[in-house]
Amino acid sequence: AQSVSQHNHHVILSEAASLELGCNYSYGGTVNLFWYVQYPGQHLQLLLKYFSGDPLVKGIKGFEAEFIKSKFSFNLRKPSVQWSDTAEYFCAVTAQAAGNKLTFGGGTRVLVKP
Amino acid sequence: DTGVSQDPRHKITKRGQNVTFRCDPISEHNRLYWYRQTLGQGPEFLTYFQNEAQLEKSRLLSDRFSAERPKGSFSTLEIQRTEQGDSAMYLCASSLIGRGARGNEQFFGPGTRLTVL
Numbered sequence: 001a002q003s004v005s006q007h008n009h010h011v012i013l014s015e016a017a018s019l020e021l022g023c024n025y026s027y028g029g030t031v032n033l034f035w036y037v038q039y040p041g042q043h044l045q046l047l048l049k050y051f052s053g054d055p056l057v058k059g060i061k062g063f064e065a066e067f068i069k070s071k072f073s074f075n076l077r078k079p080s081v082q083w084s085d086t087a088e089y090f091c092a093v094t095a096q097a098a099g100n101k102l103t104f105g106g107g108t109r110v111l112v113k114p
Numbered sequence: 115d116t117g118v119s120q121d122p123r124h125k126i127t128k129r130g131q132n133v134t135f136r137c138d139p140i141s142e143h144n145r146l147y148w149y150r151q152t153l154g155q156g157p158e159f160l161t162y163f164q165n166e167a168q169l170e171k172s173r174l175l176s177d178r179f180s181a182e183r184p185k186g187s188f189s190t191l192e193i194q195r196t197e198q199g200d201s202a203m204y205l206c207a208s209s210l211i212g213r214g215a216r217g218n219e220q221f222f223g224p225g226t227r228l229t230v231l
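In order, the protein sequence lines correspond to chains W and V. Mind the numbering: the first sequence is residues 1 to 114 in the working numbering, read in order. Mind the numbering: the second sequence is residues 115 to 231 in the working numbering, read in order.
Calculated directly from the structure, the hints in this document are not laboratory data. Ideal Cβ positions, reconstructed from N, Cα and C, are used throughout, including at glycine. Don't take each hint at face value.
Partial chain V-side listing against chain W, Cβ under 7 Å, derived [claimed, not checked]: (1) 156; (2) 157; (3) 166; (4) 168; (5) 224.
Negatives, chain W to chain V, calculated, CB over 10 Å [unchecked claim]: (6) 13; (7) 20; (8) 24; (9) 27; (10) 60; (11) 66; (12) 87; (13) 113; (14) 114.
Make the full structure from the sequences, and use the hints.
What follows is the structure, given as structure tokens:
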């Protein structure tokens, strides 16, 4: 069975700071990787996804993530955060062999101070 | 609005009562998933359907839980004899598999927050 680990539970940073959230997964087969974001009071939204090809994927709102297969990692980055990036971020993985159900990490709460 | 919708958004019930939630997926999406999210945790998979067929159930889904998708469109999740431990956010997601769709991007609804007193 697959599992996902997010390294930080809480991150606090100031506007314009750079953000990197760690994500490692455990699964031996072919996977699809996702980052979802949940803004306060809103539902889960997709930030970006990796299916195949270029391991550096760009998503909405200036976010990007890099898939490093050898490290089973899919870290999320943003060079300069804004107050509006305050949210909870979830890394998730699916595997076609496992019914494509999403397995989520525990989430990272990010607070951006103005 | 053509997104995933869920009803009700909030449900408060007493222990031992039965509750039913509804999910309307994005039209034409053939897959429908149910997840449960408790405070401070990521969502956990409960079950999923492809069209009207329920293809997998998590071991989290006890005998008190049942889900249906009778016509391959909307789905219901029923919890019988609710317990305080059932308090959580119940999320529904839909996706399109096959027919040229790439990968499995799931679109989430707003969730139903259940509180069992």
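Results of checking the hints against the structure:
no.: 1; hint: 156; in the structure: 3 Å, holds
no.: 2; hint: 157; in the structure: 5 Å, holds
no.: 3; hint: 166; in the structure: 16 Å, violated
no.: 4; hint: 168; in the structure: 11 Å, violated
no.: 5; hint: 224; in the structure: 4 Å, holds
no.: 6; hint: 13; in the structure: 20 Å, holds
no.: 7; hint: 20; in the structure: 19 Å, holds
no.: 8; hint: 24; in the structure: 14 Å, holds
no.: 9; hint: 27; in the structure: 14 Å, holds
no.: 10; hint: 60; in the structure: 13 Å, holds
no.: 11; hint: 66; in the structure: 18 Å, holds
no.: 12; hint: 87; in the structure: 14 Å, holds
no.: 13; hint: 113; in the structure: 21 Å, holds
no.: 14; hint: 114; in the structure: 25 Å, holds
In the structure shown, a violation is registered for the earlier hints numbered 3, 4, in ascending order.
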